[in-house]
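2 protein chains.
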Amino acid sequence: MSLVIIGTVAFDSIETPFASSGRIVGGAATYASLAASYFSEKVKIVAVVGDDFPAEEIEHFHRRGINTEGLQIKKGRKSFFWAGKYRKDLNTRDTLTTDLNVLADFDPLIPESYQDCRQLLLGNLTPSVQKTVIDRLRNRPELIVLDTMNFWMDSAWDDLLEVLTHVDVLTINDEEARQLSGEYSLVKAAREILRLGPDTLVIKKGEHGALLFSGDQVFSAPALPLEEVFDPTGAGDVFAGGFTGYLAKTGDYSFENMKTAVIVGTAMASFCVEQFGTERVKSLSSEAIADRIRRLARLSNFSVADF
Amino acid sequence: MSLVIIGTVAFDSIETPFASSGRIVGGAATYASLAASYFSEKVKIVAVVGDDFPAEEIEHFHRRGINTEGLQIKKGRKSFFWAGKYRKDLNTRDTLTTDLNVLADFDPLIPESYQDCRQLLLGNLTPSVQKTVIDRLRNRPELIVLDTMNFWMDSAWDDLLEVLTHVDVLTINDEEARQLSGEYSLVKAAREILRLGPDTLVIKKGEHGALLFSGDQVFSAPALPLEEVFDPTGAGDVFAGGFTGYLAKTGDYSFENMKTAVIVGTAMASFCVEQFGTERVKSLSSEAIADRIRRLARLSNFSVADF
Chain B
44 MSLVIIGTVA FDSIETPFAS SGRIVGGAAT YASLAASYFS EKVKIVAVVG DDFPAEEIEH
104 FHRRGINTEG LQIKKGRKSF FWAGKYRKDL NTRDTLTTDL NVLADFDPLI PESYQDCRQL
164 LLGNLTPSVQ KTVIDRLRNR PELIVLDTMN FWMDSAWDDL LEVLTHVDVL TINDEEARQL
224 SGEYSLVKAA REILRLGPDT LVIKKGEHGA LLFSGDQVFS APALPLEEVF DPTGAGDVFA
284 GGFTGYLAKT GDYSFENMKT AVIVGTAMAS FCVEQFGTER VKSLSSEAIA DRIRRLARLS
344 NFSVADF
Chain F
44 MSLVIIGTVA FDSIETPFAS SGRIVGGAAT YASLAASYFS EKVKIVAVVG DDFPAEEIEH
104 FHRRGINTEG LQIKKGRKSF FWAGKYRKDL NTRDTLTTDL NVLADFDPLI PESYQDCRQL
164 LLGNLTPSVQ KTVIDRLRNR PELIVLDTMN FWMDSAWDDL LEVLTHVDVL TINDEEARQL
224 SGEYSLVKAA REILRLGPDT LVIKKGEHGA LLFSGDQVFS APALPLEEVF DPTGAGDVFA
284 GGFTGYLAKT GDYSFENMKT AVIVGTAMAS FCVEQFGTER VKSLSSEAIA DRIRRLARLS
344 NFSVADF
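Protein chains in written order, with this note's numbering: chain B, 44 to 350; chain F, 44 to 350.
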């Protein structure tokens, strides 16, 4: 029984107001699988790279117990490359380069050994490719989590709506929730989005935490107030990976446990932004993770016994 | 032993994307004292109006147990008037009219019966007038809370810094915290602001909740996710009034109790935005208030017993 994660495995080049990363490893599946690997020992990725992708990076996946049988390596071709520059507030970024390369004709192959998939995380990627992965699994996973972004709302609206009808949980940010629903109020936006297919919606609000909606239930999670955000790249993917990894570990998809999963995702994302790329999430101790999760609990704890 | 609140008592005219209020009663001291009156029975206001201010509004203060001996009524003059228009997102507003009228030469008089002041809330007003009130109290109150806004940072910087050296708690919003400190990170902003005088800082983030900082301690409070914000006017004043009112009721200024006070302020502000002006906060039941406070507790409750 495994947690299958699909997404990009790629190169990024990131400029922040503080520094430039040069060419580093990134991609939604990279970030999400690393984050999930701290909770589930059965993480398996579906992705594609060119033969320019460093063997030692694939080795690192293996050291973290991540199965890469579904990672296709295309001979004589190049990996997906994205270059972007963050503005001063680190909340907005401009894309400088997008070289699709191997991603242009990505046909996601599901190895036979992945057919035991119990939880599926469809990381940020072309909605039609996300849908193909669902179709190629013989049994519907117990839990399907989908992460996406505004880019697909602008360019693949119909495909996105189609894949949404097949998933259990959607994770997006607040602006994307507004765009997807056409509603400014996040409460109204959530109600509309829950009509599109998912039973559960996570709205990621960056430094303002996250909201979890399911039926009539709502949960508001804090974010860790950070002295400095060094590089926000991948934080959303790491959130989705930590969130789904914790649900895979516990096998409990109740609202109560999803709340804890949101806190786990929040804690993992707070590490991600401390250094460039995957640097920080590559090598965390379980004690450091537990410590940060307990810090989030202390941060938002209060008593209303008087009322 | 009383809670003295200084601020404006005034007329507002508000346009939102949904409706226009016409001329209604507003002002920082109005909002804050109404909110505080649900917690403290000894609220006393210091303010000034013209003789155009309706007697029945002053009567309403009395019905809520608010002492208006310090409310000067200037014969033949007009009350402060502010007209503003909210943009579509309700987060930004443009000022259409500001008629200072009686506020132009406001000299805050402290009746002898106010000299028992135990807690002082300096509502949003000219910093030098806020300072005058402190000077005119013979004994320093146990607790001084100051609320202010970006307008005074632009127009009365030195006076604001001066009065800040005399207060215990400052309440401002996130943009104002950034402006006051010159720091974008709210953690760094808080550290800088706590060097300016106050021991405790509340950063109000509207729909994103609030942060409480004191020494090395931090608390993150949720906001109630609202279906609709009808009119945000006065929400910050109501927050400050509920916060200070609860501290006055309990007389406990510990960090733990300040956390509860932030939740109380948050609950009160969530009522305020549901209708125009003071309409909603004028007549609340203690059960409705307690219910909303308990809702905030449920909204943000989670378990990390696994960690």
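Simulated from the structure, these hints should not be mistaken for laboratory data. Take these hints with a grain of salt, some might be off.
Claimed, not checked - Here are some of the chain B residues that sit facing chain F, going by a computed Cβ distance under 8 angstroms:
id, residue
1, V172
2, H251
3, L342
Cβ coordinates follow ideal geometry from the N, Cα and C atoms, glycine included.
Each hint, compared with the structure:
1. With a cut of 8 angstroms, the hint placing V172 (chain B) at the interface with chain F is violated, because the nearest CB-to-CB distance is about 33 angstroms.
2. Residue-level restraint check for H251 (chain B) holds (minimum Cβ-Cβ distance to chain F is 4 angstroms; threshold 8 angstroms).
3. Annotation: interface hint on L342 (chain B) holds; nearest CB of chain F at approximately 5 angstroms, less than 8 angstroms.
The structure is inconsistent with hint 1 alone, although it conforms to all the rest.
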